[in-house]
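Protein chains in written order, with the numbering used here: chain A, 1 to 442; chain B, 1 to 100; chain C, 1 to 683; chain D, 1 to 172.
Calculated from the structure, these hints are not laboratory results.
Just so you know, not all the hints are guaranteed correct.
[To be verified] Each pair of labels, with its calculated beta carbon distance range:
#1 87/B with 670/C: 29 to 37 Å
#2 162/D with 670/C: 32 to 40 Å
#3 87/B with 111/A: 20 to 28 Å
#4 402/A with 57/B: 28 to 36 Å
#5 670/C with 169/D: 34 to 42 Å
#6 411/A with 659/C: 50 to 58 Å
Ideal Cβ positions, reconstructed from N, Cα and C, are used throughout, including at glycine.
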Amino acid sequence: MNFSSDIFHAYVFPILFAVIIVLLLPLLAGYIVLLERKVMADMQARLGPMRVGPHGLLQPIADAVKLLIKEDIIPESADKTIFWLAPVLSVTAAMLAYAAIPFGPVFQIADLNIGLLFILGISAMGIYGIVLGGWASNSHYSLLGALRSAAQLVSYETAGGLALISVLLVGGSLSMRSLVEAQERGGFWFIFLVPVGFFIYLVASIAETNRAPFDLPEAESELVAGYMTEYSGFRWALYFLGEYANMIVVAAIATTLFLGGWLRPLASFQAHLPGTSIELLDLVPALLFLGVAGYCFSLTRKQPVKIQEAVMALFGFICLALAGVLALPLIPRFAGLMPGIHGAFWFLAKVVAYLYVFLWLRFTFPRYRFDQLMRLGWHFLIPLSLVNVLGVGVAVVLHQQAGWGLGAALMVTTVATLLVAAWLAVADERHATAPASMAGGE
Amino acid sequence: MVPASHYFLLSLALFIVGVIGVLTRRNVIIILMSIELILNAVNINLMAFARLLGSVNGQIFAIFVITDAAAEAAVGLGIIIAYFRNRETLLADEMDLLKW
Amino acid sequence: MTPYFLDHIWLIPLFPLAGALVMLLFGRRLANSIVSVICVGSVFVSFVYAVGAFFQLLEKPAGERVFERVLFQWVPAGAYHTASGALGNFVADWGLLLDPLSGVMILIVTGVGFLIHFYSIGYMGHEGGYYRFFGYMNLFMFAMLTLVLANNLLLMFVGWEGVGLCSYLLIGFYFKRKSAADAGKKAFIVNRIGDAGFLLGIFLISATLGTLNFSQFPAALQAGHFEVGAPVMTAIALLLFVGATGKSAQIPLYVWLPDAMEGPTPVSALIHAATMVTAGVYMVTRTNAIYQLSPYAMEVVAVIGAATAIFAATMGLVQNDIKKVLAYSTISQLGYMFLACGVGAFAAGIFHLMTHAFFKALLFLGAGSVIHAMGGEQDMLKMGGLSKHIHITWATKVLAALAIAGVPPLAGFFSKDDILSKTFEHSRGLWFIGWVTAGLTAFYMFRLVFLTFHGVERIHPDTKAHIHESPWTMTGPLIVLAGLSVVGGWIGTPEALGGSNRFEKFLHPVIATRPETGIEAAGAASRGTEYLLMAVSILIALAGIWLAWEMYLKHIQWPHHVARRFHGLYELVFHKYYVDEIYDALFVNRTKDLGIFLGEFDSSVIDGLGVDGAGWLTRFTSSVSIWWDTWIVDGSVRLGSRLVWLFSYPVRMVQTGLVQSYMLLIVVGLVGFLGYYWFLYHR
Amino acid sequence: MAAGTTLLFYFFAALAVLSAIFVVTARNAVHSAIFLITALLATAGIYLQLQAEFLFAVQIILYVGGIMVLFIFVIMLVNLDVAMRQEQFNRQWLAASLIALALGAQLLFAFWLVRHQGGVLSHAPAAAAALQPNTELVAQGLFRDYVLPFEIASILLLVAMIGAVVMAKRRI
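Put together the whole structure using the sequences plus the hints.
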């Protein structure tokens with residue numbers, strides 16, 4: 001940690017922000033669930049939750065209340081302490097990770113100079129939540145699910161970590177902030193420089209968060225609910241929270257490392273509003289929320305019940321307020337707030353987009369078999385990521401020693417890596433008939 | 001400021017505890033874990049010296065120690081699995097085949 | 001440029017050898033027909049070559065009718081000093097010598113041999129071991145031809161032994177029959193005795209003359225200046241004659257021949273009548289140059305020959321086995337031949353050899369045909385009246401009997417008369433013996449004929465059922481031989497009967513009687529005595545025939561009267577003068593006793609004292625060393641191990657095999673060292 | 001602030017030692033594994049407090065995230081409810097602990113001596129900035145001065161991996 005003399009910056013602000021995050025996270029998770037259900041319904045041509053609140057906008061709160069007031073069952077033969085400890089562990093691990101995530105240039109608890117490693121390590125501890133929970137509940141379903149997820153996480157962490165390393169090679173730092181700044185300086189988001197790395201990390205992150213199509217640890221058809229079988233009520237909610245928090249974390253990492261963090265898209269695009277010094281693109285956030293607010297108001301009238309109308313209107317006003325907040329920096333007097341507010345906006349936008357990809361994949365792909373999963377991890381992703389790291393390293397060397405343009409060198413190596421990827425895929429197909437060699441815990 | 005010797009006392013304590021664990025426990029897995037404890041004690045020592053002398057070498061050696069620990073854990077656990085598959089036991093004092 | 005057949009004379013013995021090799025190597029897989037074609041064919045081819053060679057020899061002028069061909073050097077030269085001090089050069093070539101003598105012999109051997117082979121096709125047709133029989137026969141032909149054609153004594157000895165071997169093999173052809181096997185052994189052993197003498201003779205010759213080549217004998221004798229009656233010559237002659245007696249069944253070594261009748265009849269015909277047994281006569285004739293130098297040896301030869309002749313004849317009188325009779329007659333006829341040689345009438349001996357080969361082969365083959373007809377029956381007392389059934393056999397048999405009895409103008413008459421006249425010149429006593437023998441011969445021959453073919457049938461009914469004439473393969477040779485026994489003698493008709501004794505003249509270059517031996521003098525006798533002798537011999541022959549007629553056709557009970565009257569004598573003769581028993585008592589059993597004694601000595605002294613003693617000694621010493629090993633060596637070792645065990649006790653306690661205890665020891669050691677260090681530090 | 005770090009150290013130290021003792025004494029292997037994790041985390045905190053951020057991260061990622069997962073994995077694979085009912089300490093436990101304590105006493109004595117004679121322990125610690133920027137320094141040391149040991153260590157890891165696979169696999 002770099003020690004700052006300023007007491008506020010050293011203690012007060014981070015603690016405050018941390019409290020905010022801890023408080024907001026459950027809500028966020030709840031609404032992500034709602035989003036998920038809505039998207040699913042949309043993709044499956046239905047409406048999804050519509051009852052609780054207008055368009056089910058209050059559904060998450062209802063769910064939370066239901067979970068909190070449910071009876072909390074502990075199996076007789078369970079290992080009480082660990083049974084109690086496990087969900088807390090997973091949530092703690094997930095939340096700790098937020099300490100190093102930069103929600104914009106301002107909103108960051110601590111800019112560790114090993115931030116990325118810190119996040120990786122902390123999120124790696126999430127495994128214990130799952131494994132110990134599965135073991136402690138002393139049930140076969142749980143144990144198998146736990147072992148599965150442990151194996152899955154361990155194997156995909158490798159691939160994901162290597163993918164991140166390929167980015168670090170380009171970025172040349174471990175601190176999240178300086179990585180974003182590197183992208184700013186370079187003018188290119190790393191997704192364009194290391195696309196292979198991004199792809200690998202996408203797959204790996206899906207697997208790490210036990211999301212479909214890699215949600216084997218909680219494959220209903222095989223293991224009821226996996227490691228969460230014996231859990232109910234509040235503990236289950238904690239697991240749930242931890243899972244979604246993890247999703248946000250990986251999304252945030254992806255955003256920071258590949259998608260340019262808080263940077264505005266087309267940062268180099270300069271088009272001023274006539275007569276002012278306001279760039280057109282900076283208007284986009286405010287206008288977006290204005291639009292949403294208008295949509296809400298337009299829907300208000302259609303609501304069947306008064307209370308519904310009220311809630312709808314409330315949401316409209318919230319959006320309006322947000323639009324105001326986002327528009328605030330446009331006023332020259334408050335231009336100083338611009339990076340913080342807009343950075344946060346763009347960051348969250350990117351996170352949500354990434355999460356949308358998660359949902360999209362979930363509803364698109366069927367579930368993998370376990371040996372298929374392991375084969376994909378060990379026979380395809382890990383070798384590919386190794387080759388990718390090698391290629392990026394070569395490119396960097398070419399850039400620094402031979403004076404190539406970084407983009408050009410990376411393009412060459414990326415093409416080479418893609419060729420290797422194709423070869424790997426073919427080889428894996430040929431190998432597919434053989435039984436999976438790394439069958440994990442079974 | 002923490003006096004340097006306290007780090008060493010800490011590492012000494014961990015070391016002794018680990019040694020006791022290695023010497024007294026019957027469960028092989030716990031013996032392995034105690035060995036990990038010992039290694040950590042060593043690492044703390046290295047760190048402390050690195051801090052004391054302001055040289056990073058200690059940390060590098062700590063990295064090597066961790067590498068060694070990883071290798072040892074992998075092989076040791078592999079041996080334990082193989083042994084358990086054959087003998088259905090994990091008790092160290094039932095593994096006396098070293099005699100022959 | 002030598003004529004073809006002379007040039008290829010070496011092929012004559014080679015054809016039968018090839019046949020023999022084929023038979024003995026893969027005869028087992030060959031069909032009988034192929035076997036007969038190969039073997040008989042090979043003999044026939046060599047017969048053709050023999051005839052060719054003989055006539056090409058005749059084309060030469062009488063002076064140099066000698067053809068010698070050396071195929072290769074067999075035993076390389078070795079120089080040594082003869083007894084007379086001359087430098088001898090010992091060489092034994094594989095060389096063939098063709099002169100009138102061997103020419104006649106190869107004609108007889110191959111001709112008669114071919115006929116008998118041909119006959120065997122029919123006779124042996126139903127026997128097992130067909131290929132074996134013919135293989136041995138061909139081997140015999142090879143050996144015999146080698147013997148006859150050899151140009152030196154050593155090669156001759158090879159053939160000599162070869163025919164002995166074949167005779168042994170063929171006598172024991174039915175080796176499942178113990179009597180046959182014993183007979184074979186007997187023949188072999190007895191022949192060994194003779195061969196020992198022969199071998200010694202050969203040594204003595206090479207030591208004396210320094211050569212073994214017949215063609216070099218005269219020269220060597222000239223060089224040696226041996227006067228008549230030189231003792232060394234006598235010794236040589238007698239030794240060679242021992243060999244001859246063995247091979248040609250003369251007293252005292254004749255005992256094997258009667259037993260040799262155990263072999264198949266063709267064998268008896270070929271080996272024990274026509275060819276092999278006459279090898280002795282041939283050998284004596286071949287070495288006549290030496291004999292002529294020792295009148296004493298000649299005397300011995302003559303006496304033994306005469307004695308054998310009459311002796312065997314008397315034994316032949318009372319035999320009932322048809323082949324035994326023929327065997328004894330063979331012995332007595334051989335006696336005749338030796339008598340001739342002994343009195344210096346070598347040519348007469350060879351002449352009789354030839355005629356005898358004809359009619360004796362015929363007799364045997366006829367007997368074989370009879371036996372064939374009777375289904376294996378050989379006892380004449382169980383025959384009789386066969387003339388009605390097997391005419392050809394009967395006719396040829398009668399002819400042969402007349403021939404051997406010496407009735408003119410058949411072959412036997414001329415040769416026997418020739419011998420008798422020569423003997424008469426030499427000594428009256430020997431002539432008388434020969435004369436009586438002639439009568440006996442006629443008597444027992446016709447006794448055989450009458451008992452077999454005439455008179456009342458004493459045939460067992462069920463054998464009578466299948467009496468039949470033999471196939472043409474057997475009768476054919478009979479007829480041919482009959483013709484030969486009729487005309488065979490005419491080539492030797494004496495001057496007295498208007499002939500010119502061409503045979504003797506033909507053989508003369510080989511048998512060069514030397515003036516100083518005084519044998520030449522006996523050559524010419526006055527015509528008067530010759531006619532007288534002829535008449536007398538014809539007379540006694542007819543008398544013998546008449547007596548047989550009287551005794552065995554008219555008054556059948558006479559023989560029994562005679563036997564009862566002269567009982568002791570009859571018994572004596574019937575048991576062949578107990579010669580076999582005497583030999584057994586004198587030699588065989590003594591030999592057995594010696595063997596037993598030696599066995600006793602071996603088991604008691606050598607085994608008992610030597611081997612067992614050594615064993616006991618070894619056991620004793622080993623037991624001592626065992627004691628030492630167990631109590632001292634092992635004891636010390638065990639003591640050492642006990643000590644180690646004792647002292648290692650604490651260490652063993654430490655070695656538990658438990659990792660943790662080892663680790664504990666390590667820590668203990670660490671503590672100890674540190675403590676020691678602090679201890680040092682404080683001082 | 002210095003007080004804070006000091007406090008942190010003693011907190012972490014106490015945590016580490018206590019959980020280490022629990023690791024050794026716990027009856028259930030899973031529990032001792034969890035305590036070991038705690039101890040490792042506390043150690044990691046001490047690393048952090050010793051200006052070794054990289055090692056802190058490595059400790060967490062490798063030890064906590066890797067090795068310990070392996071341990072727990074194995075513990076779950078081999079069922080231990082049997083082992084839990086068995087005697088946990090072997091026959092030599094008393095002697096062993098005494099000997100170990102003796103060793104500890106001797107080492108304490110050694111420390112005391114070294115300090116007493118003003119050995120390295122009594123020096124003032126180097127400047128805090130000496131180890132910054134930590135990651136870069138470590139990287140330079142690792143890839144420049146100690147590149148050969150580094151490669152050897154990688155070989156060691158490879159060998160260990162192969163060996164583990166070969167041993168744990170039912171049929172190769």
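CB-CB spacing for residue 670/C and residue 87/B relative to the 29 to 37 Å hint: holds, 31 Å
Pairwise beta carbon distance, residue 87/B to residue 111/A, judged against the given window 20 to 28 Å: violated, 53 Å
Consistency of beta-carbon spacing, residue 670/C to residue 162/D, with hint 32 to 40 Å: At 33 Å between Cβs, range holds.
Outcome for the supplied range 34 to 42 Å, where the beta carbon pair is residue 670/C and residue 169/D: holds, 38 Å
Residue 411/A paired with residue 659/C, Cβ distance criterion 50 to 58 Å: holds, 57 Å
Residue 402/A paired with residue 57/B, Cβ distance criterion 28 to 36 Å: holds, 33 Å
Checked against the numbered hints given earlier, the structure breaks only hint 3 and satisfies all the rest.
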